[in-house]
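Undergrad: Each chain, letter by letter, is given below.
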Amino acid sequence: MAVVERRAPIYAGSRIPQPVPTVLKPDPAEVPLDDLMTINFGPNHPSTHGVLRLVVDLNGEKVVGINAIIGYLHTGFEKNMEAKTWWKAITYPERIDYLSFQANELVFVLAIEKLLEIEVPRKATWMRMCLAELNRIHSHLVWLGTGGLELGAISMFWYAFRERDLVLDLFEMVTGVRMHTRYFQAGGLAEDIPRGFYDGARAFCERMPKAVDEYEAILSRNTIWLERTQGIGLLSTEDAIALGQSGPMLRASGVNWDLRRNEPYLFYDQVDFDVPVYGGGDVYDRYRVHMDEMRESVRIVEQCLERLEGMTGEPWIADDRKVVLPPREELHTSMESLIHHFKIVTEGYRVPEGEVYVTIESPRGESGCYLVSDGGPKPWRVKFRAPSFAALEATATCMRDAAVADMIAIAASLDPVMGDVDR
Amino acid sequence: MAYEGVPGLVATKDAHGETTLVVDPARLLEACLHLRDEEGFNFLSDISPADYLGWGEKGVAGYIGTAGGRDLNAPGSQGFATRPEPKPKRFSVSYHLLAVADRPRRVRVQVWLDDGEPVPSVVSVWPTADWHEREAWDMMGIPVEGHPNLRRILMEDDWEGHPLRKDYPIGGEPVRFSGEE
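Note that the protein sequences, when read in sequence, are chains P and X. For what it's worth, the working numbering labels the leading residue of the first sequence as 1099, then goes sequentially. For what it's worth, the working numbering labels the leading residue of the second sequence as 14, then goes sequentially.
There's no promise every hint is true.
What the hints assert, rightly or not - With a cut-off of at most 25 Å between alpha-carbon atoms, the simulated DSS-like pairs for lysine-lysine come out as follows:
| hint | chain 1 | residue 1 | chain 2 | residue 2 |
| --- | --- | --- | --- | --- |
| 1 | X | 26 | P | 1182 |
| 2 | P | 1420 | X | 102 |
| 3 | X | 26 | P | 1212 |
| 4 | X | 179 | P | 1123 |
| 5 | X | 179 | X | 102 |
Bear in mind the hints are in silico, worked out from the structure with no lab data behind them.
Take these sequences, add in the hints, and give me the full structure.
TA: Shown next as C-alpha cells:
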C-alpha cells in the first residue's frame, strides 16, 4: 500500500493562507471589515488545553481570521539541559510533553545512545517498546477524555480517566512514580522489571479493548458527536504534508505513514500491528485514528509481554562501566567500581563529539531530538522537534470558515500539549 | 555520490548513518527547491540552529581540556588529548528533511553563519518552516531574510537578547518589581 494514495481530494487546491501560512487574515473582498468582531480566546481559556491564545476575527458565527499565539508555557528546557550532565538531563524531556513523557525520554536516550554507539540489551528494548505503547494509550485516553469534554460529553472524561489510572498504576509499579518516570537510561533501563508487572499488564491488555468498545458505543453512533465532528476542521493530504503534520493528524488526512513501520526503530519490525489510515481529514477521522491506535497499541504490548516473559534473569542494562552505574553490591568490595560510580555521579559520562537527529513516532507524531556533543559530560545543544508545535501551525488552515463552537473541537483534535509546543 | 546536483553544495558529511549537506547560505533556497522537487524531500521535520561560541574553550558548558592533553598542574583539567574539531563560523542552522514516500529517506541541510548574517527563508518551499524560522530568530537571533512574519514566537515581543545563545546566561532575565526601582 503506497504511502500517499491517489484518492478523492478532501478539498480542491490548497487552503493554507498566504503569505503567512499560520495566520488567516480576513479578506476585505468577501466581508466588510466593519462587520467583524475580534475576539481573544485565552491564554487561560478552559477549552484551549493549556495556555494557547487564539485571536479570532468573527463574521457572525464564522471564523474569517485567526492567529494562534504561543509561548506562555516557555520554560527554557533546552537551555537548562545544556547546563546539566547527560544523565541528569534525562529528566527534562519528560516534562516537555507531560502526556507522552516516556516517548520524549525515549527519543533523548536513543539520541545519546546513537552518539555513544552503545549496545542495549534486548530485554531493555522490548520493555521500552512495551512502556512506550502503554504511554501512547495513556496519552490518547487523555486526548479522548478532554476532547469529548469540549463537546459536552462529560461522561466520556470519567470513562477515559478510569482506564488512564490503570496505566499509571502500571507505571508506578515499574518505576515508583506515576508520571515523569525517568526509567530509561543510556544503555538500558534504570531497574529490572518488577515481579507482578506482567500479570498486571496482561490484565490491562484484556480489559482495554473492551473499554475501547465502550467508548465507541458512547460516541461512534451518537448523533451529537457525529454532527459536531464530521466534516469539521478539514485538512487535505497535500496541506498536511506541507504543514509538517505528523502522527494521527497525517493518518486522518489519508497518508499511510507511521515511523514505527516506515522507519522502524527499537524492535517494531518484529511485531505485528496495523496502521489505521482514514481519508476524511476531519475531526471525526482523527477520533477514529486515535481509537484504532489504542487497540493496536494493546496488540503490541501483548507481543512485548510474550517476549519479555521469556527473558527473566537477563540483563536490563548494558555492561559498560564508563556509561552505566556499576551494580550497587559491587561498591562494597571493588575499588574500581567505586571510582566509576563516583565519576559518573559527580562528573557524568562523556559522549563522543558529533551531531545526531533521532526521530520516533510519539503519540502526537514525529518527535525528534537534535543533539550536538563536544565530547564533554554536558550536551552542547539539545533541540526537540515538537509534534504539537507543528500541529498548531495547522490552526489557520483547519479553522478557516469554521463556526466558533467548532473551533474548540478542532483545537482539541489537533492534540496540542502546550508544554511540548513552548518547551 | 547521491547529492552532487544540489546547488551551492559545499561539503557532504556522513556520520552515524546520517547525511549532512553543507550548503552556501546564499544558495539555500535553490538547494531546498532542488531537494524538494528533484529528490522528493516533501517534509521539513525541523530547523535546528546551534551556537558554537566558545566551542572547545574553557569556561563554557562541556569544556574538555587543554590542547596538549592532561595538565597535571591544573587539577580541573581532563584527560582528553584533543579539542573538538573547530567550526567554520559561529552559528549553524540545520534543516532536517524527510521524504514521506514508499522509500523514506532523511537528510540534513546545514548552513554556517556569523553573528547577524542573514539566511534566506524557506517558507515558500515548506510552509511549516514559518514557526520554526521564527523560533530560530527568537531563540538564537538568526535573521531570516524574506520571512513574511518574522516576529518573536516564544518570548515576549519586547524581549531583549536571544536566550539560547551561549553568551546569554541562565537566569539572565531581568526581574521586574524587585524593589530596587
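Undergrad: Does each hint hold? Answer for all of them.
TA: Going through the hints against the structure:
1. X/26 with P/1182: Violated. Residue 26 of chain X to residue 1182 of chain P sits at ~29 Å, over the 25 Å cutoff.
2. P/1420 with X/102: violated, 33 Å
3. X/26 with P/1212: holds, 16 Å
4. X/179 with P/1123: violated, 37 Å
5. X/179 with X/102: Holds, at about 14 Å.
Of the hints listed earlier, those the structure fails to meet are numbers 1, 2, 4, in rising order.
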